[in-house]
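Protein chains in written order, with the working numbering: chain A, 10 to 512; chain B, 10 to 512.
Honestly, the hints are just simulated from the structure, not real lab data. Being a predicted model, the structure only gives us computed values, none of them experimental. Be a bit skeptical, because a hint or two may be false.
In this list, chains with the same sequence are indistinguishable; a pair is considered to hold if it fits within one copy or across any two.
To be verified - Straight-line distance between alpha carbons at most 35 Å, and here's what the computed DSBU-like set of lysine-lysine pairs gives:
1. K204 / K105
2. K46 / K470
3. K290 / K112
4. K105 / K290
5. K46 / K290
6. K146 / K46
7. K46 / K265
8. K46 / K465
9. K21 / K204
10. K108 / K21
11. K483 / K470
There are 2 protein chains.
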Amino acid sequence: MSANDAYAELIKRTREVNLIARCAAVLHWDQETNMPKGGGQYRGEQMAYLSGLAHKKSTDPEIGELLSQTENSDLVKDEFSDEAVNIREIRRDYDKSVKVPQKLVEEIARTRTISQQVWVEARQKSDFSLFLPNLEKIIKLDRELADHLGYEKEAYDALLDNYEPGMTCELVSKTFADLRDELVKLVAAITASGKKPNMAIVEQDFDVHRQKIFGQEAAAAIGYNFHDGRLDISTHPFTAGLGPHDTRITTRYNPKHLGQAFFGTMHEGGHAIYDQNLDSKHFGTPRGEFVSLGIHESQSLMWENMVGRSRPFWRHFFPRARQVFPEALAGVAFDDFFFAINNVRPSFIRVEADEVTYNLHIMLRFEIELAFLRGELAPKDIPGAWNDKFKDYLGITPPDDAQGCLQDMHWSSAVIGYFPTYALGNLYGAQFFAKAREDMPDLDEQFAAGDFSELKNWLVKNIHLHGKRYRAEKLVEVVTGRRLSHQPAVNYLKTKYGELYGL
Amino acid sequence: MSANDAYAELIKRTREVNLIARCAAVLHWDQETNMPKGGGQYRGEQMAYLSGLAHKKSTDPEIGELLSQTENSDLVKDEFSDEAVNIREIRRDYDKSVKVPQKLVEEIARTRTISQQVWVEARQKSDFSLFLPNLEKIIKLDRELADHLGYEKEAYDALLDNYEPGMTCELVSKTFADLRDELVKLVAAITASGKKPNMAIVEQDFDVHRQKIFGQEAAAAIGYNFHDGRLDISTHPFTAGLGPHDTRITTRYNPKHLGQAFFGTMHEGGHAIYDQNLDSKHFGTPRGEFVSLGIHESQSLMWENMVGRSRPFWRHFFPRARQVFPEALAGVAFDDFFFAINNVRPSFIRVEADEVTYNLHIMLRFEIELAFLRGELAPKDIPGAWNDKFKDYLGITPPDDAQGCLQDMHWSSAVIGYFPTYALGNLYGAQFFAKAREDMPDLDEQFAAGDFSELKNWLVKNIHLHGKRYRAEKLVEVVTGRRLSHQPAVNYLKTKYGELYGL
Chain A
10 MSANDAYAEL IKRTREVNLI ARCAAVLHWD QETNMPKGGG QYRGEQMAYL SGLAHKKSTD
70 PEIGELLSQT ENSDLVKDEF SDEAVNIREI RRDYDKSVKV PQKLVEEIAR TRTISQQVWV
130 EARQKSDFSL FLPNLEKIIK LDRELADHLG YEKEAYDALL DNYEPGMTCE LVSKTFADLR
190 DELVKLVAAI TASGKKPNMA IVEQDFDVHR QKIFGQEAAA AIGYNFHDGR LDISTHPFTA
250 GLGPHDTRIT TRYNPKHLGQ AFFGTMHEGG HAIYDQNLDS KHFGTPRGEF VSLGIHESQS
310 LMWENMVGRS RPFWRHFFPR ARQVFPEALA GVAFDDFFFA INNVRPSFIR VEADEVTYNL
370 HIMLRFEIEL AFLRGELAPK DIPGAWNDKF KDYLGITPPD DAQGCLQDMH WSSAVIGYFP
430 TYALGNLYGA QFFAKAREDM PDLDEQFAAG DFSELKNWLV KNIHLHGKRY RAEKLVEVVT
490 GRRLSHQPAV NYLKTKYGEL YGL
Chain B
10 MSANDAYAEL IKRTREVNLI ARCAAVLHWD QETNMPKGGG QYRGEQMAYL SGLAHKKSTD
70 PEIGELLSQT ENSDLVKDEF SDEAVNIREI RRDYDKSVKV PQKLVEEIAR TRTISQQVWV
130 EARQKSDFSL FLPNLEKIIK LDRELADHLG YEKEAYDALL DNYEPGMTCE LVSKTFADLR
190 DELVKLVAAI TASGKKPNMA IVEQDFDVHR QKIFGQEAAA AIGYNFHDGR LDISTHPFTA
250 GLGPHDTRIT TRYNPKHLGQ AFFGTMHEGG HAIYDQNLDS KHFGTPRGEF VSLGIHESQS
310 LMWENMVGRS RPFWRHFFPR ARQVFPEALA GVAFDDFFFA INNVRPSFIR VEADEVTYNL
370 HIMLRFEIEL AFLRGELAPK DIPGAWNDKF KDYLGITPPD DAQGCLQDMH WSSAVIGYFP
430 TYALGNLYGA QFFAKAREDM PDLDEQFAAG DFSELKNWLV KNIHLHGKRY RAEKLVEVVT
490 GRRLSHQPAV NYLKTKYGEL YGL
């Protein structure tokens with residue numbers, strides 16, 4: 010078989026596996042949004058069947074042979090050509106899949122199912138000791154997983170690479186350390202300022218139906234395409250890429266809070282704009298897929314926070330918000346509203362944190378994960394380490410483990426190495442956004458006029474259309490001309506919140 | 010391999026094929042209710058992939074071998090045991106699948122796609138000559154299909170058997186002939202009576218949201234289980250069995266008509282009650298599946314018409330309807346409302362027909378299908394034959410072919426032999442209902458008190474739980490003690506409409 014024929018067959022098989030995964034994605038979306046209660050058990054069987062089928066097809070030894078036939082050919086001469094990118098990424102996935110023994114995969118899956126149940130109970134009772142034996146087992150299994158996957162310096166790298174391909178612990182540690190010092194100072198200064206917004210402005214009655222209309226309008230305005238998408242309700246908001254022209258988002262409404270659903274919709278809208286603008290002719294292959302979780306998060310956080318919580322954005326949308334919610338907002342001044350949606354306050358729960366304190370929540374988790382994976386922190390000592398760090402970074406101490414180290418489901422799901430992608434998303438996002446501002450100096454005026462198309466087009470051209478051509482670290486350099494740095498995020502936060510809190 | 014092991018393997022494979030088909034069913038339900046416009050093309054690829062996968066697995070020659078190993082064993086000693094039923098029906102499906110050459114399957118699929126487009130245009134322009142060449146081709150292909158499937162007396166039997174297993178043209182012809190004479194007389198008498206209900210009662214403003222609440226309430230009251238189901242909107246109402254505890258229904262709302270969505274919901278609710286009460290421990294095998302389209306339709310028509318358009322049903326629900334729609338119904342007398350929802354009037358469009366004239370629409374189609382399949386009626390002469398029969402049976406002549414022989418999509422979809430199942434549904438339903446009344450003489454009092462559980466339980470016990478144990482004809486005998494007859498349907502219609510129209 011010629012290299013070209015082998016490549017064509019490789020792509021055909023890759024698309025087939027992807028098609029099966031997208032069928033599962035439809036079933037999953039349905040499960041989270043529509044499925045009646047009774048449907049759960051059989052849906053589980055269907056999901057297991059489809060994922061088994063996809064796994065079987067993607068680990069077929071013939072994939073390995075096809076890869077070998079293409080890897081020394083002219084197809085990979087230019088390392089960033091479509092073909093070379095696909096071959097590189099299919100190889101990566103294939104190696105990862107075949108390196109891990111099926112027995113370990115199954116043991117992790119079994120342990121995850123049990124651990125999640127135990128974790129739910131432990132969190133309810135705020136009793137870390139209940140969860141400890143499971144957590145110990147998970148750490149052991151994830152270490153084994155890292156050993157099978159292989160790494161150069163640090164076992165953590167092997168796990169991190171599952172979520173942020175090519176990223177290293179070394180770079181994350183260095184960047185986070187620089188960022189941490191700046192953020193701790195900024196949070197302390199904000200706390201010391203004594204200034205507090207009037208939160209009653211956003212915490213009053215907001216009709217859910219009108220919230221939906223308002224959120225849809227904003228999502229459409231920033232560029233989410235409803236012809237190829239829709240907005241639904243689910244307990245945990247998410248974005249579902251179901252096809253080249255079918256990317257759906259969900260949110261949840263709090264009838265007593267304007268911001269939760271609105272910024273949730275902006276966040277998922279940001280994810281979805283990325284998904285909708287991947288190159289559809291490469292759909293179902295790595296060249297048409299997102300770079301990494303961190304880069305995905307950079308898009309959602311940029312639209313949610315850097316755009317969606319900005320002054321110019323609300324110059325346009327505040328008058329509209331007043332029309333939609335006259336009872337709640339008619340008498341409210343712009344500055345008071347703007348302050349209320351940008352309230353910074355050290356708090357215990359990550360998913361409720363503001364954009365200044367959020368990264369500190371992540372760093373703390375990263376440091377603890379790294380320490381227990383290295384064997385430097387015994388699992389039984391996690392609660393103490395958590396609370397000490399929390400006090401250091403945010404100045405407050407969690408009253409119990411439910412509001413401390415038991416709050417996230419990640420560890421109970423055997424997901425270690427995932428947390429850094431959230432903060433990386435903020436860093437990438439700020440660095441992209443700073444470059445976008447350089448390239449388009451009048452973005453603020455455009456936003457104030459309700460026009461977000463130039464920023465969207467810039468993101469599409471510079472990021473979305475490239476798919477997986479570049480790994481995240483490389484993409485940042487290609488787009489911004491600089492290596493990943495904490496500085497743009499720090500500049501962004503200091504400028505915005507320095508002004509708001511009069512620092 | 011022992012017969013028992015072969016049977017276990019056969020069941021495993023049957024459930025696997027069924028699981029794939031249910032994945033496709035979720036994708037289809039999503040397509041009809043939720044999918045954004047952009048999603049159509051890729052969804053088509055997914056559906057084709059899943060149906061190809063299911064076809065490949067269900068026609069695997071090993072299925073044939075497994076069947077052979079079970080068919081002469083003790084497993085089939087009792088012909089109505091669970092095992093014997095499954096072996097019989099899996100054999101039937103397997104033989105049907107392997108008898109038809111792949112080439113013919115593909116040609117029918119291709120022709121269907123083109124014909125449907127042509128038919129849409131022909132109907133729009135009301136120009137039968139546009140559709141004629143495609144219809145000629147479809148008739149030729151469906152005759153070939155019948156030849157491959159095989160039959161004893163009549164090619165039509167081979168096609169009819171695809172929708173109503175074991176049913177014969179001979180029995181349908183005889184039963185329909187008896188029914189037709191009675192119905193033609195009844196329709197003529199109704200027309201001659203000159204009595205007409207005041208249709209303005211049901212043709213006014215009915216808030217869609219309240220229609221939904223009212224419809225849901227009625228569906229739940231007759232026994233549709235919302236824990237294992239849900240009600241949505243789609244252009245063409247349907248019932249989707251997505252899992253052993255996930256059966257969904259759809260309807261469509263007309264804000265200017267109370268009946269369309271309501272009786273549509275009752276109809277689909279009837280289908281869904283059947284689906285929800287199949288024996289879930291046999292899910293994914295014939296023993297846990299519905300008997301035939303005709304038997305399915307007997308359940309939907311019984312709940313929609315025999316229960317849902319009955320006087321006792323509305324004794325309970327009319328006061329509630331007045332509460333839900335006080336503006337429209339406060340001043341309306343019960344008898345006037347009841348007459349309006351039971352209006353009989355010869356009309357051209359089948360899907361809008363009332364329960365008296367409906368069967369005549371079906372018979373006419375059956376007679377024409379049979380004639381053109383036998384070669385006794387040239388396709389070009391269909392419009393003339395249609396209009397002549399229409400005049401004979403219903404006393405009116407379609408003004409054009411769009412309202413005549415071009416109205417249904419069945420023939421353009423190469424679906425010949427399906428129509429009789431609609432009228433058979435009415436006959437089975439009436440015969441079951443007459444027997445239910447014998448067994449439970451106070452059904453009317455129960456309905457008037459809003460209690461439908463005894464009828465539902467009777468249907469579950471006598472029909473639903475048996476799955477495919479008996480073929481339709483046999484089931485009718487087992488349940489009612491008599492062979493299929495037109496008489497119960499005639500009695501039901503004559504009694505009800507004789508009283509309403511004072512005949």
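Up to 35 Å between alpha-carbons, please classify K46 paired with K470: within, between, both or neither.
This pair counts as between: shortest inter-copy Cα distance 25 Å, intra-copy 43 Å.
Can you tell me if K146 and K46 fall within 35 Å by alpha carbon in one copy, between copies, both or neither?
within (32 Å within a copy, 47 Å between copies)
Same-copy or cross-copy closeness of K108 to K21 [CA-CA at most 35 Å]:
both (23 Å within a copy, 30 Å between copies)
First find the shortest C-alpha distance between K204 and K105 inside one copy, then the shortest across copies, and answer within, between, both or neither for a cut-off of 35 Å.
So K204 and K105 fail the 35 Å test inside a copy (51 Å) and across (77 Å) alike.
Pop the pair K483 and K470 into one bin, within, between, both or neither, using alpha-carbon distances up to 35 Å.
within (16 Å within a copy, 67 Å between copies)
Up to 35 Å between alpha-carbons, please classify K21 paired with K204: within, between, both or neither.
neither (59 Å within a copy, 67 Å between copies)
Could you place K46 and K290 in one of the four classes (within, between, both, neither) given a Cα distance threshold of 35 Å?
Intra 38 Å, inter 18 Å, cutoff 35 Å: inter-copy only.
Identical-chain pair category, K46 with K465, by Cα at 35 Å:
between (39 Å within a copy, 22 Å between copies)
Checking K105 and K290: alpha-carbon separation at most 35 Å within a copy, between copies, both or neither?
within (26 Å within a copy, 39 Å between copies)
At 35 Å max between alpha carbons, let me know whether K290 reaches K112 within a copy, between copies, both or neither.
Between copies only: 31 Å across chains, 37 Å inside a chain, cut-off 35 Å.
Alpha-carbon proximity between K46 and K265, which holds within one copy, between copies, both or neither at 35 Å:
both (27 Å within a copy, 33 Å between copies)
When held up to the earlier numbered hints, the structure conflicts with 1, 9 and fits the remainder.
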